[in-house]
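K.L.:
As a plain string of letters, each chain reads:
There are 2 protein chains.
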Amino acid sequence: MKIHNLSAGPGVLPEEVLRQASEAVISFVDSGLSLIEQSHRDRYFEEVMSNARNLVKELFQLDDSYSVLFLQGGASLQFYMVALNLLKSKAAYINTGTWASGAIKEAKKVGTIDIIASSEDKKFSYIPKDYSIPTDADYLHFTSNNTIYGSQFKAYPETSIPLVCDMSSDIFSKRIDASKFSLIYAGAQKNIGPAGTTLVIVKKDLLGKTGRNIPSMLDYQIHIDKDSMYNTPPVFPVYVSMLTLQWLKDNGGLEWIEKVNDLKSQTFYTELDSNPLFEGTVVPEDRSQMNATFLLKNEALTAEFEKMLKDAGISGLKGHRSVGGYRASMYNALPLDSVKVLTSVMREFANKFA
Amino acid sequence: MKIHNLSAGPGVLPEEVLRQASEAVISFVDSGLSLIEQSHRDRYFEEVMSNARNLVKELFQLDDSYSVLFLQGGASLQFYMVALNLLKSKAAYINTGTWASGAIKEAKKVGTIDIIASSEDKKFSYIPKDYSIPTDADYLHFTSNNTIYGSQFKAYPETSIPLVCDMSSDIFSKRIDASKFSLIYAGAQKNIGPAGTTLVIVKKDLLGKTGRNIPSMLDYQIHIDKDSMYNTPPVFPVYVSMLTLQWLKDNGGLEWIEKVNDLKSQTFYTELDSNPLFEGTVVPEDRSQMNATFLLKNEALTAEFEKMLKDAGISGLKGHRSVGGYRASMYNALPLDSVKVLTSVMREFANKFA
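Protein sequence lines correspond, in order, to chains D and R. Take numbering that gives the first Met the number 0: the final residue in the first sequence is number 353, and no numbers are missing along the way. Take numbering that gives the first Met the number 0: the final residue in the second sequence is number 353, and no numbers are missing along the way.
Don't take every hint at face value.
Since the list can't tell identical chains apart, any single copy or any two copies may satisfy a pair.
Here are the simulated EDC-like pairs of lysine to aspartate or glutamate, each with C-alpha atoms no more than 16 Å apart in a straight line [said to hold, decoys possible]: (1) Lys-56 - Asp-249; (2) Lys-1 - Asp-29; (3) Lys-317 - Asp-41; (4) Lys-208 - Asp-249.
Bear in mind the hints are in silico, worked out from the structure with no lab data behind them. Owing to the predicted nature of the structure, the values given are computational and were not obtained by experimental measurement.
Kindly produce the complete structure, drawing on both the sequences and the hints.
P.N.:
Have a look at this one:
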């Protein structure tokens, strides 16, 4: 049976990427060796790393004032690294959910954090819109898409101070003006590739201003100076990320994927809004295109709904263990068909039980 | 042509492990999904992580006073984390090469480091043996095997203070009394699995004594509390590590691999010592069983030797770019046959040019 993978991450990857990745584990190009048992200093892998970094620049149309890194440790390590590398006196943060809170918690270990806006008052069910950004802060940090609560920034904050964004769960899902950002980071395991590498895009002139003696592995400048190969990189995750970025480019890049993602999220939310048995958890204007969170109004029907999901091959729809309910994650590689299978089940379920 | 992979790391992996890993990238057990596109919170991956951690304890015969973690960032991040988590007043370090020096450099960013012994005076061509270990140091750190310079501790320092060891390039290569160590760490990409995860084995009662407010991702205790799943783990590297550890156990564990590795290194060094055209770079009693470093006495014959290596399918024999020469890395998964092919080439070369 075909499985429809609506997992929030690690998430669905393109079938052809999985095929290529599987082959490379046996034999990689003309090296005669597996991808995962050859030196990262061989020209074979150096080309992979270089391609992956260039694809990021190309998709985001970034010039050479930016550097692209594939690091380890997930967005969670970036929570700390961002502050360690950029925070001098104080930084401004917007709190829109679990991961934004995590970023704030780790940055506080480095310096003063000014939480200028938060949607915690209403269980993170919206994106704050009325706030002023202090012009004396070193940077403004926000989380573009909230994987757990299902909200998403539709317009980005306008400010003259450096803009830093955790884009883990919606990077490369639509066209954006990436040049407005000073630093973007994203765990790979949603729209970029498998778990095990973290993309960091950083404007180079932002660095070297804190006067701090930074541990080498946490220092962006060291990774930049070594072309993202300061130590052995996570070879397989970087390779599969390269394949996925190439797949995105070959299919038409961000312009193409934006249309696909618009169609998928419209298909889902249209069903949600017309279905009497379900309700969304986020105010409509801030709903995420990547992670649609919703509840079954009558919890007594849970077993029936979940049986129908299972019979239809729908996997990974459970909400995050901290919030419950359901969450349809519709990352780049999820086919429109999988969304249609889900909405059909929801409709059939309503026809039966409403 | 069969390639003999003598790369220093990422290094050779067992063929059956590569086959299983390749299959899992297409479809993993009965999940219907690829290993790399399913949630790490699924029971499928939770079992992988749990198996991997248990295999480490089993191979090293460790009791529950130890915790096993699969982290990210390589041994290079451990250089800093060790000091951050353990260093209160001062720590003792032995400097036996590039990675030991790296560990010292990062630890100095945390506190006072006492370098109690070093072989830098003779280009790290031996293991220091005469030194006293300060009993008031928080721990003694050393590097069991020197991947770049090709030396290896044959006996471990005896001390009453906690023993911390970077075993990246010789872990699981022979029987050891692991219970003598308070903390062992190792990048996976030599004897454990592919690049992208780092094994940390830590005695739990060692932690929580510095009074330091440690960033979450750098705090061993947080990773222990979350069963090595504080954030999304590097799924594929951990899975392949589990397969490799299982392969080691199934074949007879450390007792078996010790015999295999003894035979491989004896085969190599016997040829080296009887061959008139080559010389080793390390004093015989400290030569590494994992990374045998040697020089061609007459450099004018370089092209001839390297052509013969290539014709025999020998890959990855170049010494580290910082030291030059040659290095035969004979990790666990390297078959004895590959060593024999190398020694045959060396003998044939001597017959032709000596």
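K.L.:
Can you give me the call for Lys-56 and Asp-249, within, between, both or neither, at a CA distance of at most 16 Å?
P.N.:
within (15 Å within a copy, 46 Å between copies)
K.L.:
Give the relationship of Lys-208 and Asp-249 under a CA distance limit of 16 Å: within one copy only, between copies only, both, or neither.
P.N.:
The answer is neither: 39 Å in one copy and 53 Å across copies each exceed 16 Å.
K.L.:
Can you give me the call for Lys-1 and Asp-29, within, between, both or neither, at a CA distance of at most 16 Å?
P.N.:
For Lys-1 and Asp-29, the Cα distance is within 16 Å only across copies (12 Å; inside one copy 33 Å).
K.L.:
How would you classify Lys-317 and Asp-41 at a CA-CA limit of 16 Å: within, between, both, or neither?
P.N.:
The answer is between: 11 Å across copies meets 16 Å, while 43 Å in one copy does not.
Checked against the numbered hints listed earlier, the structure breaks hint 4 alone; every other hint is satisfied.
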